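K.L.:
Listed below, chain by chain, are the residues.
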Amino acid sequence: MSAPQVMQDESNTPADAPTNAALQAYGAALLPLALLGILPVWACLLLALLFGLGVRSPLWREGRLLIAFLIVGGAVLGHLLGLGGLAAALRSATLSHLLVLYLAALLGVAGLYWGAALLEEGRRRGLLLVLAVGLVSPQPWLLLALVGGACMRPGHDDRRPGWLGRDGVRWTKKTVVWLAVPLALALALAFALPRPAPLWRVQPLPPAQAQAGAEVLPTGPGGPGSAASSSVTSPPTAPRPRLITEDVIPAPPTELLAVAGILVVLALFLLLRILPARRGRPATLVEWLMGAGLLLTLLLALVLAFGSSTGGSGGGIPAVQGADSGAAGTVLQPPTTQERRLTSFLNLVLWGALLFYLAIFALLVWAALGLREGRRRETQAALPAQAGLPDEAAALHRVRVAYRNTETALAGVGRGRAAHETPQGYAARLAAELPLLAAPLNLLARVYAPVRYGGSVSNADADAAEAAERKIQAELPTLPPIAPTEAAE
Amino acid sequence: MTTMTAASLPPAFVGRVLDNVARVLVGKNDVTALALAGILAGGHILLEDAPGTGKTMLARALAASLGLPFSRVQFTPDLLPSDVTGVSVYRPASGTFEFVPGPIFTGILLADEINRATPKTQSALLEAMGEGQVTESGVTHRLTAPFVVIATQNPVEHEGTYRLPEAQLDRFLLRLSVGYPTLEEEVRMLGRLQSLHPIHTLEAVATPADLLEAQHAVRGVFVAEDLRRYVSGLAARTRQHPLVALGGGPRASLGLQGVAQALAWMEGRAFVTPDDVQRAAPGVLAHRLSLRVEARLQGTPGEAVVGEVLRAEPVPVEAGPPEGGPIKSEPIKAVPDRLSRS
Numbered sequence: 001m002s003a004p005q006v007m008q009d010e011s012n013t014p015a016d017a018p019t020n021a022a023l024q025a026y027g028a029a030l031l032p033l034a035l036l037g038i039l040p041v042w043a044c045l046l047l048a049l050l051f052g053l054g055v056r057s058p059l060w061r062e063g064r065l066l067i068a069f070l071i072v073g074g075a076v077l078g079h080l081l082g083l084g085g086l087a088a089a090l091r092s093a094t095l096s097h098l099l100v101l102y103l104a105a106l107l108g109v110a111g112l113y114w115g116a117a118l119l120e121e122g123r124r125r126g127l128l129l130v131l132a133v134g135l136v137s138p139q140p141w142l143l144l145a146l147v148g149g150a151c152m153r154p155g156h157d158d159r160r161p162g163w164l165g166r167d168g169v170r171w172t173k174k175t176v177v178w179l180a181v182p183l184a185l186a187l188a189l190a191f192a193l194p195r196p197a198p199l200w201r202v203q204p205l206p207p208a209q210a211q212a213g214a215e216v217l218p219t220g221p222g223g224p225g226s227a228a229s230s231s232v233t234s235p236p237t238a239p240r241p242r243l244i245t246e247d248v249i250p251a252p253p254t255e256l257l258a259v260a261g262i263l264v265v266l267a268l269f270l271l272l273r274i275l276p277a278r279r280g281r282p283a284t285l286v287e288w289l290m291g292a293g294l295l296l297t298l299l300l301a302l303v304l305a306f307g308s309s310t311g312g313s314g315g316g317i318p319a320v321q322g323a324d325s326g327a328a329g330t331v332l333q334p335p336t337t338q339e340r341r342l343t344s345f346l347n348l349v350l351w352g353a354l355l356f357y358l359a360i361f362a363l364l365v366w367a368a369l370g371l372r373e374g375r376r377r378e379t380q381a382a383l384p385a386q387a388g389l390p391d392e393a394a395a396l397h398r399v400r401v402a403y404r405n406t407e408t409a410l411a412g413v414g415r416g417r418a419a420h421e422t423p424q425g426y427a428a429r430l431a432a433e434l435p436l437l438a439a440p441l442n443l444l445a446r447v448y449a450p451v452r453y454g455g456s457v458s459n460a461d462a463d464a465a466e467a468a469e470r471k472i473q474a475e476l477p478t479l480p481p482i483a484p485t486e487a488a489e
Numbered sequence: 001m002t003t004m005t006a007a008s009l010p011p012a013f014v015g016r017v018l019d020n021v022a023r024v025l026v027g028k029n030d031v032t033a034l035a036l037a038g039i040l041a042g043g044h045i046l047l048e049d050a051p052g053t054g055k056t057m058l059a060r061a062l063a064a065s066l067g068l069p070f071s072r073v074q075f076t077p078d079l080l081p082s083d084v085t086g087v088s089v090y091r092p093a094s095g096t097f098e099f100v101p102g103p104i105f106t107g108i109l110l111a112d113e114i115n116r117a118t119p120k121t122q123s124a125l126l127e128a129m130g131e132g133q134v135t136e137s138g139v140t141h142r143l144t145a146p147f148v149v150i151a152t153q154n155p156v157e158h159e160g161t162y163r164l165p166e167a168q169l170d171r172f173l174l175r176l177s178v179g180y181p182t183l184e185e186e187v188r189m190l191g192r193l194q195s196l197h198p199i200h201t202l203e204a205v206a207t208p209a210d211l212l213e214a215q216h217a218v219r220g221v222f223v224a225e226d227l228r229r230y231v232s233g234l235a236a237r238t239r240q241h242p243l244v245a246l247g248g249g250p251r252a253s254l255g256l257q258g259v260a261q262a263l264a265w266m267e268g269r270a271f272v273t274p275d276d277v278q279r280a281a282p283g284v285l286a287h288r289l290s291l292r293v294e295a296r297l298q299g300t301p302g303e304a305v306v307g308e309v310l311r312a313e314p315v316p317v318e319a320g321p322p323e324g325g326p327i328k329s330e331p332i333k334a335v336p337d338r339l340s341r342s
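Chains as they are written, first to last, in the numbering used here: chain A, 1 to 489; chain B, 1 to 342.
These are calculated hints, taken from the structure and not from any lab test.
Hints are not guaranteed to be accurate.
Claimed, not checked - Cβ pair distances, simulated, as ranges:
(1) Leu436/A - Leu18/B: 28 to 36 Å
(2) Asp226/B - Leu436/A: 29 to 37 Å
(3) Asn459/A - Ala12/B: 28 to 36 Å
(4) Asn459/A - Leu126/B: 49 to 57 Å
(5) Trp366/A - Phe99/B: 51 to 59 Å
Small disclaimer: the values here were computed from a predicted structure and weren't measured.
For every residue, glycine included, the Cβ atom is placed at its ideal position computed from N, Cα and C.
The task is simple: from the sequences and hints, build the whole structure.
P.N.:
Dropping the structure here:
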């Protein structure tokens, strides 16, 4: 027999209960300002609201990353539609620019998420992450993001952060240096580094150009920044980017990418269907938003990667600015080494994306199957317990009634239990006096002990207890009269 | 030895140890069981009885049966604390002090005639018994678990002895008396010990790991809420008794619950009953009571006071029958609390 476990009372605090965070902790809401160089203002404001809610509620804090992905995806999707629709965007080399900026924004919010987590743990190096995110596209609002990050960091002993000087913080040289140097550095970099055109400033193509398949110039060898810069203007006579397929790493088949993306989406649906059911409650708003963020991220990544790999006409990454490769059919100058390298690199990224999809798919399926199996086991384990509960409860009740009736009956003939006597001791005393009743008394006391003090009984025990009660009740009239001295006691 | 589980362990483990000790100590199963319960509850035992009643044999037999390292220290007035705990010795070759562990670094320490040592030496045991460690020259040395002190003292002879202070007594979970054997038991003992003393051939029937596992299992034995109140009520009544100057404290309640759990576990039960508590109470409570002068003059021992306390405290049993006679079986309206716990 194993010892029954005493259930520990869990905290009654709901997961979304507001926390008593200090005002400075809401400095986290300023962190998304670091992304103003990439994302539209409305998206940054939504991110600020999200990070602020994360301070207030642990539930929102859990959902920060995926909901931030949703917001970033929404910004990209909005811009994609603003370009003149998906079909036009697919024909446009702007898609590569969007893909790069989208990846930068995703990495940016992931960096902010990580930085916020570090800062909430009181680690200063979270500020470096915010700074790194901001320097992807430096702009003056980065300073405010850093100030917010410094504010939100709690002290070592979890008191209110005192760097503002309210709680008697000593303004030592070290403190000043720690604050001044990063701020000065950020300020200098914010103005000194070239600014890429943010996503929300990329101009949509004129309808005529989009129809004609004229391309905005794609990314150059200088990376995302220069790609964005070059995409601000779109010369009306810009030729289509040519496709390089020789002497480069080939791009993965687009069909494979599509299948992988669809598999991931299906696996995600499976997981989302199981998760709330496993918890025994409907999904919360935060969970829906997290799921939507993940879904949108995967869809956008799929669409952008698909579009980039086809380049509007299929067959590889559209490389640098060059001559038309398709419609005119004229072969121009061979691609340069730089073009080949860039194309190989981008194709490698696509292969990586494909592997990433497959890995995510495998993980999601594994998680879903694990959850489903766990739920099945729980259900199977719960069924016998639930089925047995009324029986055991009934058995306990029957034993309790049998014992109480017997004790009452014995008390009625002057052989009651003394207050200090245990059931076993009482049964032993009576058994010594009344050997005829020894067996039923001992049996009743033995069966009663688990009922009263924490064990379990079966229906057979209950039957035996009731039989013992009947035997004792039947023998009561035949008991010898109680001695006067005994009665006096 | 196979690994024992909490469910299968009690009958086999307990039976083997009790049978093994019974080869040496005839007819003392009850005191052996209580001593084993004390060890299972993680406590220390004080054996108080006349010389030659088997106190040392009980300690040695328990140590041998449990497979624990055994040390014996004969407490005398000139015994120093460092003779028990260990001492730092200067090593000229290395120019450093090296700690040489004393006999306390063992599994079962037999502190024979503990009341013959000075209070200073007796107190050297306090830290080891309470916290399982020894501090020497500012350095703390942990004792290996399980660590049990079994001390003996002669209650009759007081000349040249130092009465154990209350703080020291409180460290002992149980005070037991082995008692003289009956005539029949003594005859059996004479026959058994005629040639070779069985203590020399006693083999271990458990390992220290088994003991640790058993101690862990004992702590998981369920104690109902009203039984906890019963235990606390007993301790409180010792404090209110007119013959007691200083009654049992919270440590006494904890000890009483622990020994009751161990007794329940030894009987293969996963829950404690009031019988376990009542069986453990004299050994756990009596030596912790500081009796008033009147009690000493009357010759009332602590055990008698505990007996009175047990007779005064109501046992938690089923609530009395309702007015109008025996109750009838009725439909269940709610799941009992005990079921909802599990």
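K.L.:
Hints first: check each against the structure and report whether it holds.
P.N.:
Taking the hints in turn, this is what the structure says about them:
1. The hinted range of 28 to 36 Å is satisfied by leucine 436/A and leucine 18/B, whose Cβ atoms lie roughly 33 Å apart.
2. Taking 29 to 37 Å as the suggested C-beta distance range, the pair aspartate 226/B and leucine 436/A conforms, at roughly 32 Å.
3. At about 29 Å, the beta-carbon gap between asparagine 459/A and alanine 12/B stays in the expected band of 28 to 36 Å.
4. Against the hinted window of 49 to 57 Å, the Cβ-Cβ separation of asparagine 459/A and leucine 126/B comes to about 54 Å, which satisfies the hint.
5. Evaluation of the 51 to 59 Å hint for tryptophan 366/A and phenylalanine 99/B yields a pass: the beta carbon distance comes to about 54 Å.
In terms of the numbered hints stated before, the structure departs from none.
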